[in-house]
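Numbered per our numbering, the first sequence spans residues 1 to 113.
Mixed in with the good hints there might be a few duds.
[Said to hold, decoys possible] Distance ranges between label pairs, derived from CB positions:
1) 14 with 95: 14 to 24 angstroms
2) 17 with 99: 30 to 40 angstroms
3) 100 with 16: 17 to 27 angstroms
4) 14 with 99: 17 to 27 angstroms
5) 70 with 17: 17 to 27 angstroms
6) 92 with 14: 29 to 39 angstroms
7) 28 with 85: 28 to 38 angstroms
Honestly, the hints are just simulated from the structure, not real lab data.
Backbone N, C-alpha and C fix where the C-beta goes; we use that ideal spot for every residue, glycine too.
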Amino acid sequence: MPRRPQTTPRNRDVPQERIRATVDCIPEGRVASYGQVAAEAGLPGRARLVGRLLGELADGSRLPWHRVVNAAGKSSLDPASPSGREQRRRLEREGVEFRASGSIDLARFGWRP
DNA sequence: GGATTGACGGGAG
DNA sequence: ACTCCCGCCAATC
């Protein structure tokens with residue numbers, strides 16, 4: 001019987017491509033949670049896959065990775081790290097406001113597809 | 001090939 | 001708001 005390839009290089013990229021495409025859909029000035037991105041990509045419950053993917057993006061990626069935050073409306077990066085500050089800088093430039101606690105009001109800035 | 005590790009999430013207490 | 005716990009699963013030890 002022909003064996004069903006489980007994790008060949010080709011089909012490994014399918015979920016990743018769906019996630020990429022979804023992140024690319026988040027409009028300026030809006031944020032989406034990892035779980036939301038996963039669900040929109042047709043991969044409910046796979047929030048961690050979104051996080052892993054974004055973590056592996058090359059520096060020059062044009063994907064709007066900064067528009068993805070966790071379900072609490074906060075960045076999952078260390079705010080003091082270069083990428084953490086970059087994320088906030090980019091979001092603020094798009095008009096996203098941060099509370100003193102560092103969280104974002106998802107009711108106002110959350111992406112509603 | 002088992003155990004650990006996460007840019008996560010939701011529920012319970 | 002916070003801790004603990006469990007489900008999730010590809011990558012890495």
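- prompt: Of the hints given before, which are not true for this structure?
  reply: 1, 3, 4 and 7
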